[in-house]
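Chemist: Okay, here's what each chain looks like letter by letter:
There are 4 protein chains.
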Amino acid sequence: MPIPEPNLYPPFNIVRLSHVEYGVTDLAASRAFYVDTLGLQVTDEDDTTIYLRAMEERGHHCIALVQSDTAYVGGLGFKVFDEQELDKAAAWFDAQGLGVDWVERPFIGRAFRTRDPFGIPLEFYCRMDRLPPIHQQYKLYRGVKPLRIDHFNMFSSDVDASVAFYNSIGFRVTEYTEDAETGKCWAAWMHRKGGVHDVAFTNGTGPRLHHTAFWVPTPLNIIDLLDLMATTGYVGNIERGPGRHGISNAFFLYVRDPDGHRIEIYCSDYMTVDPDLEPIKWDLKDPQRQTLWGAPAPRSWFEEGSVFEGAALTASVLKAQPIVAP
Amino acid sequence: MPIPEPNLYPPFNIVRLSHVEYGVTDLAASRAFYVDTLGLQVTDEDDTTIYLRAMEERGHHCIALVQSDTAYVGGLGFKVFDEQELDKAAAWFDAQGLGVDWVERPFIGRAFRTRDPFGIPLEFYCRMDRLPPIHQQYKLYRGVKPLRIDHFNMFSSDVDASVAFYNSIGFRVTEYTEDAETGKCWAAWMHRKGGVHDVAFTNGTGPRLHHTAFWVPTPLNIIDLLDLMATTGYVGNIERGPGRHGISNAFFLYVRDPDGHRIEIYCSDYMTVDPDLEPIKWDLKDPQRQTLWGAPAPRSWFEEGSVFEGAALTASVLKAQPIVAP
Amino acid sequence: MPIPEPNLYPPFNIVRLSHVEYGVTDLAASRAFYVDTLGLQVTDEDDTTIYLRAMEERGHHCIALVQSDTAYVGGLGFKVFDEQELDKAAAWFDAQGLGVDWVERPFIGRAFRTRDPFGIPLEFYCRMDRLPPIHQQYKLYRGVKPLRIDHFNMFSSDVDASVAFYNSIGFRVTEYTEDAETGKCWAAWMHRKGGVHDVAFTNGTGPRLHHTAFWVPTPLNIIDLLDLMATTGYVGNIERGPGRHGISNAFFLYVRDPDGHRIEIYCSDYMTVDPDLEPIKWDLKDPQRQTLWGAPAPRSWFEEGSVFEGAALTASVLKAQPIVAP
Amino acid sequence: MPIPEPNLYPPFNIVRLSHVEYGVTDLAASRAFYVDTLGLQVTDEDDTTIYLRAMEERGHHCIALVQSDTAYVGGLGFKVFDEQELDKAAAWFDAQGLGVDWVERPFIGRAFRTRDPFGIPLEFYCRMDRLPPIHQQYKLYRGVKPLRIDHFNMFSSDVDASVAFYNSIGFRVTEYTEDAETGKCWAAWMHRKGGVHDVAFTNGTGPRLHHTAFWVPTPLNIIDLLDLMATTGYVGNIERGPGRHGISNAFFLYVRDPDGHRIEIYCSDYMTVDPDLEPIKWDLKDPQRQTLWGAPAPRSWFEEGSVFEGAALTASVLKAQPIVAP
Ligand SMILES: [Ca+2]
Ligand SMILES: [Fe+2]
Ligand SMILES: [Fe+2]
Ligand SMILES: [Fe+2]
Ligand SMILES: [Fe+2]
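Protein chains in written order, with my numbering: chain A, -15 to 310; chain B, -15 to 310; chain C, -15 to 310; chain D, -15 to 310.
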């Protein structure tokens, strides 16, 4: 199935991905990971919840960590352009029969919760509390020097269907992987904010969150994080990398938080604001699509992910096999 | 005069800055500078004109070098969203009485030429020839590894007026410098594409082009360029830097081409896609606004610029004095 | 067997490792690899031999590539302090019964060839033709920007015996790996020039050359090489890395030349000039000794090596098993 | 006066520069600078003295900060090869009539104090307390990530005489600046440990300490320090740089501590262990000798320095004028 034409006049204007809620089973352990190791900044915390932002973000938070009996992902947040677009979004989801629950969220103005057709919980808002800039308070930089949340990557049981849905609400495909045998899409990267992606979908039992990614200044910050994790008890949390992606051309590292939620550290992809940007197609059997330098990803990377709150899992339609490390 | 509220629903949709034409007096010397030294890629050339693109660009060119008796800047190119937006742009400029000349430009579809109210020649188009990606052909990377054109910076004789005009066509202010005594704007940075700026204006005899900037991967590429220029006969072309800007937080270097056209090498500013992004205000007397590390810019940097073809010069209204290197 | 006390007053003064001769089966293919890809500089060449130096070296060459029917390593070169020390070295090897052949070598003054007790061909000299500095001719820098030859690493069938021999001629152990079960040495790193090593020995069928290493400025140069090799037909020549060694703390990459000779790209180890520097001991079962970040080396890395001209192979004494990638 | 031939068989074996004592007028302010900002590690401290080491050093300290009424430099420490060499050194200084005082120094074994013929206080020892390695405790890295003390640079009123003296005790010239008019030496760089220098001398009122330098991993660490200092109240302590030296080819930054003692941050010079290394000559009028990229040093850099305890000052013999920033 070919990649659809981009929907350049979508029903409402999503600015960018914004934030995610992670259910975690040991809040102190998660704080040590996200704050002391990765270097995110605490913007609010109490006994059950910690809010975090990255160094160049002025919105109140990009992650909410919530103490929980079991690990989960509570919802993926997206910022829309203004109140008017928020209402248009709500009307659209309602018209699709996907449900619209207006919710109260700390530090956020009007917001509604819905789900995509595959069960992924989504939240839309236009106004989050704004905080003073800290990007030039260099004494606060720690860990990997995370600058901003970059993207969500999700397992989808039907990537073609996921692409069709997110395309309909204005996400544009920048790169994708096709299974040559079936012509179906194995994975796709789709953006709103002008980078390679705000969201990506990978074939697998879904919906699950594969990872959340943070943008950092340079590959050297990723090397610093590896050195730090390797010597502070986190060597087992390093899952894959460092390396250069074929797809997106970004330099990457994948690590796992104490509950197994996967975090990607990511830098140096390219600008995609041109509406006539041609998507780049990769073959599933191309060993360089995952890692330009040829190293395959480990099995865990293809199979493990975080469950979304209240989302039933479906095995993937496509049974093709990517290249897995032996 | 305060910074105006952003115009979030402008009369037409400009995607980004796109390209510039430089009149140069020795095309071979300019080729040595832009191609062999900076590392831009030739996409077309003949005896009188060379077209160049940076490594991640898929549009045909971001610079056209044109052999000329005298150095000049021929026009600043901007890409609009689609044909419909192009027509809306033409209608708008026509309605303003600024003139609309539909022009033939090599490698570009429908395009019109106009001027801003201060005389800067502008060109708008939506379609430029698209070229295959080369960002992963690493054997082609040379010099400073330029990835993309990033912004134009212009001398304006009335920065408040320039800001008002560009604000009206949808450019949003991200940072600005105020002269505390008069309350007037000394300089402003305005974006369309989600970085700190596509265009900036600095107080001075105008309109003149202060510089065109290119985005590079990391500060180390800028150090590489300095080492290269310093040992290939270009040491006198290094004007200012390297350093960290206070404004924009970018790492920078300014160099001059063989005709004196100023090129900035630039990396690591921040994302600005939020429509509610608060502009950051700097005081003209703050020595860290120019260079976070405190080093003032040389006098040439404040005084010299490239003239636009056919634009009459006006001395600046504001006579305040920035901090100049002794 | 414990590491011996350093011999601080050795029988003669070796300054550093110096050069190696590689027999290669396709000189043009090797030139493409060493010159066009790695970025070494040709200092002399004819139809059968190419001499290369790295960017900060002033000696004539660090590698001689010799066209041959089969791949081999012809001899490891070491520079001694002066003529007097050269004579003392010759007398010492002669007294050990290891043989001393005074040989004619292009671009080198008086030189003799001998073998260590395990069969490794060694060459000693004090004067090699000196060339003008090129380390500030930045236009010559290419590929991984190799600055200097750093070390030789060899398979030894009896690492304890190799350490004892090289210790007797003044190489000092900086780090070593012990097999906890037998108390024998699995691997050792030994220096003359003030870095972590000039020579290292790893348990295995020996003597064979495991790799020759080149020092580069920063980890980013190694990333540049990976990007280049991955997109110029050398993706299959990338064997292991990039990563941080536990031992030596260096950032590394291992690549294979067209004949399979292994080259390490290496940077950022530490200074070892103190005569009372305490060797650092690692356990063979420590997964972080190979790669601080935990990734094991592939089987090829433990098993494959280059044969020395005229050296009979012996299986290793120690049968312990390092951690190999699955 | 030509550079003397290196003394390859000096009267005693100095391994490297080792440590320096700084008299400081506000110990807490100095601690904030050296520990919290530069990132040196405290190895011992009480109310009057703080001992510091850099990240890869295993000797107890490279700097002792001593609370004092006035700023001063107490003595430059050098490590000799062993006890035997220490006695040879003492005998030699005694024979020169320069005085030998055996002194008690905390954390150091047998040690004597003397002065060079120009009054610089020197201390020699062979054994300092050894500490466990911390170079792989990455959570301790802060500030500029200082790895090791690299060199001392001193004002000398007669550089030719300083060179002659240090040459006689085995320091070898790697690079030097000649005043073309007089043929006299304006500055010289001399090493023991295999880098460009352990000591350097610059023409000026002397003897005074111009600076102590620390080696850091890469230029990016220097940029990090600049960002940190610029935003933590130290912008006025940034004196010169960042830049690439012509001489030494190192990347550098000069900062001033709270008492004005000058610290250089330095990386990426080259290996100099070859006894036949040819010194590189620079002309005093060459603007690229100071900074390869052409930027001149400020006047303070040529004129200001730290006084040595008990050393009378002499105006320099040579009155030539280097290139000073306007
Ligand atoms: Ca003592
Ligand atoms: Fe990702
Ligand atoms: Fe700029
Ligand atoms: Fe090695
Ligand atoms: Fe220095």
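Some clues are possibly wrong.
[Unchecked claim] Now the stretches of chain A that chain B is said to cover, found in silico as 3 or more residues with beta-carbon under 8 Å: (1) -13 to 0; (2) 248 to 259.
[To be verified] Listed next, the in silico DSS-like pairs over lysine-lysine satisfying Cα-Cα at most 30 Å (straight line): (3) D:265 x C:177; (4) C:265 x D:123; (5) C:177 x D:177; (6) B:168 x B:265; (7) B:177 x A:72; (8) C:72 x D:265; (9) D:123 x D:72; (10) D:265 x C:123; (11) B:72 x A:72; (12) A:265 x B:123; (13) B:265 x B:123; (14) B:265 x A:177.
[To be verified] Derived, one-sided and incomplete: chain C residues facing chain A with beta-carbon distance under 7 Å: (15) 203; (16) 210; (17) 214; (18) 218; (19) 219; (20) 222; (21) 276; (22) 278; (23) 308; (24) 310.
Hints were generated in silico from the structure; no laboratory data involved. Backbone N, C-alpha and C fix where the C-beta goes; we use that ideal spot for every residue, glycine too.
Chemist: Tell me, which hint numbers fail for this structure?
Modeler: 8, 9, 13, 18, 23
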